[in-house]
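Using the hints provided, position chain B with the ligands relative to the given structure of chain A.
Chains as they are written, first to last, in my numbering: chain A, 1 to 419; chain B, 420 to 689.
Bear in mind the hints are in silico, worked out from the structure with no lab data behind them.
Just so you know, these numbers come straight off a predicted model, no measurement behind them.
You may find that some hints are simply not true.
To be verified - From chain A, some residues computed to sit far from chain B (all C-beta separations above 10 angstroms):
{"#": "1", "residue": "R158"}
{"#": "2", "residue": "I159"}
{"#": "3", "residue": "R257"}
{"#": "4", "residue": "I377"}
To be verified - Below, simulated EDC-like cross-link-like pairs (lysine to aspartate or glutamate); rule was C-alpha separation at most 20 angstroms, straight line:
{"#": "5", "chain 1": "A", "residue 1": "K9", "chain 2": "B", "residue 2": "D514"}
{"#": "6", "chain 1": "A", "residue 1": "K94", "chain 2": "A", "residue 2": "E204"}
{"#": "7", "chain 1": "A", "residue 1": "K231", "chain 2": "A", "residue 2": "E264"}
{"#": "8", "chain 1": "A", "residue 1": "K9", "chain 2": "B", "residue 2": "E574"}
{"#": "9", "chain 1": "A", "residue 1": "K247", "chain 2": "A", "residue 2": "D88"}
{"#": "10", "chain 1": "B", "residue 1": "K455", "chain 2": "B", "residue 2": "D514"}
Unchecked claim - What follows is a list of derived Cβ distance ranges for each label pair:
{"#": "11", "chain 1": "B", "residue 1": "L567", "chain 2": "A", "residue 2": "L291", "range": "55 to 63 angstroms"}
{"#": "12", "chain 1": "B", "residue 1": "D630", "chain 2": "A", "residue 2": "A412", "range": "32 to 40 angstroms"}
{"#": "13", "chain 1": "A", "residue 1": "S5", "chain 2": "B", "residue 2": "R633", "range": "31 to 39 angstroms"}
Note that CB positions come from ideal geometry on N, CA and C, so glycine has one too.
The chain contents come next:
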Amino acid sequence: MPIVSLAFKSLLNRRFTAALTVMSIALSVALLVGVERLRTEARASFANTLSGTDLIVGARSGAVQLLLYSVFRIGDATNNMSWQSYQDIARHPKVAWSVPLSLGDSHRGFRVLGTSQAYFERYQYARDRRLVLAEGGPFSDLYDAVLGAEVATELGYRIGDPIVVAHGASDVSFARHEDKPFRVSGILARTGTPVDRTVHVSLEAIEAIHIDWQSGAPLPGLSVSAEQARKMDLTPKAITAALVGLKSKVATFSVQRYVNEYPEEPLSAILPGVALSQLWGLIGVAENALLVVSAFVVVVGLFGMLTALLTSLNERRREMAILRSVGARPGHVFALIMGEAGFLTLIGIALGLGLLYLLLLFAQPLMESMYGIFIAIGSPSSYELLLLGALVIAGFVVGSIPAYRAYRYSLADGLSIRI
Amino acid sequence: MRELFVQRSTNLTHLQRYGSLKGSWREVGPLVIDIKDLEFRWHPGGETVLSLETMRVDPGEHLFIEGPSGSGKSTLLSLLAGVTTTQAGSVRVLDRPLERLGSVERDHFRADHVGYIFQMFNLIPYLSVVDNVLLPCRFSARRRDRALTRGGGLEAEARRLLGHLDMDHPELLGRAVTTLSVGQQQRVAAARALMGSPELLIADEPTSSLDADRRESFIRLLFDECRQAASTLVFVSHDATLECLFHRTVNLARINRRPGTLIDAAEMGT
Ligand SMILES: Nc1ncnc2c1ncn2[C@@H]1O[C@H](COP(=O)(O)OP(=O)(O)O)[C@@H](O)[C@H]1O
Ligand SMILES: [Mg+2]
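Isolated chain B, as found in the complex:
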C-alpha cells in the first residue's frame, strides 16, 4: 500500500514534469516502465552497452526513443520485453521487477503483456496472414481470453484488427505472407502485436523500410489502435523526423552513460 502511494506520488511529479507535452495521455496509474541504475552488457567481461540512471513511462504514453544505430536501442527493448535481464539496477515493467523473475516467468510475462513489432520480416513465412495474427494467442491464455471477449471469436478479432489496419480484404488474407508488400507485412505485424490487447506495445524501427508518406499513416493507425486498447507504446527509430508525432522523446545516446556515447555527447556539445 505504502509502496503504491510512493509510486503514485513519483508518478505525479513525473506527470508534472512532462504534463505540458502534446497528446492526450492523462491517465494516472502505476508506471508502465520504471528503470533505475541499469547496467547491461551482452557478455560477461564485454563492454557495457547500456548504462541508464532512470527511465520512466506512464500508462497510455506514446514514447519515441531515438538514437543512432548501435546505440543500444534494440538491446533496451530486449530488456523491456524480458528476453534479457540487467546485470545491475532494476527494470520494472508493469510493476514487475523483471531482473528478479525466472526465465520461464519472463517468457510468460512477455506472452501475456507485450506486443512486439520488428523492423522487417515480422511474419512467419509458412503461416497465413490470420495465423500470424493469432500467434500470441497460442502462447498466452490471457491474450486469448481478452481477444475472445473483445472480438467475439479469435478469428473475428484478428480480422477486426486487420480491418482497422486496412488489411481485411479476402484477396490479401488468402495470399502467402511472403508475397505481401513491406507495408502490408508491417500492418499484419501490428495487428499481431495488438492481438489480445497487451498493456505494452514495443516497436523496433517498424517504419524504417517504409517510404515517407506510408510511414506517417502507419504510425497513426498504430496510435489509434493503442488508444483503443489502452496500450502504452514504446517506439524506436533512428529517424528523428517522426518524433513530433509522439507524446515524448528520449534520446538514448544522450541518457546512456556508457563510455562510447559520452564521447559522442562531448563531440555534439562542441
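In isolation and in its complexed conformation, chain A is listed as follows:
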C-alpha cells in the first residue's frame, strides 16, 4: 500500500514525461478502438447495403458478379433475362413482390437504372431504412428521372432540369439518346449505398429510348420521336435482374431452386446477405491491414513508455537505495516501477477512450451524412474490451522489464549507491 502513493507522487514529479507517455498511449488507444469501431460499422453498413430482399435473380453467373452489377452497379451482366421468365418468377405462388432492374445506360459516369415504381417502396438498406425523396416525387411522366443524392450534388441538378441518357457505360456523343431527354422529377435523400450514384428511370422509358435502336446503335433511316414512342407498346423484352421478396423466409431455398432449375433459360437466384458477406471477405483484407497497422501504433506507444521508464531508472537508483534503507523490499521496488507502468497504461486507455468518444460525438453526424455509416456511440463492444484487456496486459509486460531491472539493481547495489 505505501508503494501506491509513492508511485503516484513519483509520477507527479515527472509529470511532463509522464503526460507525454500517457498521451502517446491515449492516441494509440483512440486509433486502435476507432479503427476497430469503424471497421465493424463499415462491415455492418456494407452488409446492409440491401436488406429486406430475399433473392436477387439474374442470368446465370456467379453470386458475387450478380451482386456487383445488380446492387453495386459495377461491371455488366453477361446476359439478360427475358421478360417472360421474369413474369413467371413474379407470379410464383411464394413470391410476395418483385422489382425488375434494367441496366446498361449511363449519364455522365453515373449508371442509369430502369425499374418500376415498386423499387422506391421495396428497396431497403441499413436493416430497415427505406428510400426517402428529399425533393420532388417519383416518376409521373414516361420521361421522368429520380436522381440519387450524389448524382444531384455532384452534377448540380435541380428538380425540372433536363438530362440526356447515353447508351452504354461510356458517355460518348454519338451514342446519346438526345432525341428523348429526361426531366428530373425527384432527388433521393442520401443513403450511403450505391443508390446515391444511380439515375432512376422507369422500365418503360428504357424501352422507349431504345425503340429505334438495335445492337447498340440507332437504326438507320428509322427514327421514332419521343411523342410517337409514348403511343407504342413499351413492354420490355428483357431485363437485367430482379429483386424478389418472398411471403415467408422458409420458402427461400425452394424458390431459389425453382429459379436455378428454370427450364426456359439459365438463371441464378442468390441470397443477398450471403453474397454480400462473400464480397466483404474479398475486400476485408484491407480492413484487417488497417487493424494490424493500428495495433503497431499501440506497440510504438508502449515502446515510448518502455523508453521513458528505462531512462528514468538510472537516475532513480539512489531513490531505490533510499527506499531499501528504510526497509523497502526488492519486491517493493519492483512494484513501484510496475505500478507506474500500470498507472500510465490505465490512464492512457481511459484518456484514449475519452478522446475517441469526443471525436465520435463530432464525427458521427458527418460520417452518417457523407458516407451513410452510422457509428453508434455505445459502450465498448466485447471485442473492443478484449483489445483493451490485451493492452493492459501488454502494458504490464512492458512495465515488468524496467521493474525487473530496478529489482536487480536494488539487490546488487544494496545500500551503496554508485553515481
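Showing chain B with the ligands alone in chain A's frame:
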C-alpha cells in the same frame, strides 16, 4: 537463559576493556552488534572485501569507524543493516543472527530496528520534508507505533524531531527538498533515521559534505537525539578528526585482515 548469561559476562569483560573511555554509556545489556569471523566478498570468486575476527558494540554506544575510502566501511554497514549477508562467520545484530534470516525477514528487521543516513542525497526528491521523515513508518508498523506513542501523532513526531534538529520552520517545511542546503538535507535525513526510535542508527559519512563547523554541530545534535531515543550509533567516516567526539573508535583498515589492508598496515608499521 544460559546463553544470555554467557553473553552478559562477555559483555562485562567488554565493558571492562573499554569502560575507561569518555562518554556516558554505561548500560549493561545484550550486545547490539556482535561480529565473529566475518568473511565477505561481493561476488562469488571475487576478492575478499572484509575479513573481521570480532567486533562488538554495546547498547547506547557511539562508535566511530574510520578507514580510507575503499576499505569496506560501507560494505560493513550493508552487512549490519542486513542488506547483504556474510558468506562465513556470523553477524548478530540486536541478538539476531542476520546471516540465518531470510531476505524478507532481514528487510523487516531493517525497517523495524535500523535508521540509516547516507553521505548525501538522502532525500526522495518528490516527497515533502515531512513525507521524507515519515518514510520509515510506511514500511514498519513497529516504528509507526513507537512514533505515535512518543509524539502523539506521526506528523507531530516528525515535526518534533525536525524541531530538535532546527528544521521546524514553516518556510523550510514547505520547500521542495531539492532546494534545501546540504546541511539541511542531512538534518532531515537524521530526523528520518530517528523516526520511531530505532535501536540502531547507522550513518555512512553523513558529514563529509558539510563544512567543518557544521560538522560538529550536526554530530552533537545526532548524539542528543540518540541519547533521548536510547539508540546505538555507528558512525563511519574517513575524517579522523571527528573521533574525539565518540565513545570509541575502530580503525577498519587495521582490524580488516584482507590481503590489501595487511600490506597497508605493514607499510604503516615501517
Ligand atoms: N554493491 C557493490 N557491488 C560490488 N562491489 C562493491 C559494492 N559496493 C562496494 N563494492 C566494492 O567493495 C569494496 C569496498 O567498498 P566500500 O565498502 O564502498 O568502501 P568504503 O565505503 O570504505 O569507501 C570496493 O572495492 C568496492 O568496489
Ligand atoms: Mg563508503
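Going back to the hint list, which numbers does this structure go against?
5, 6 and 7
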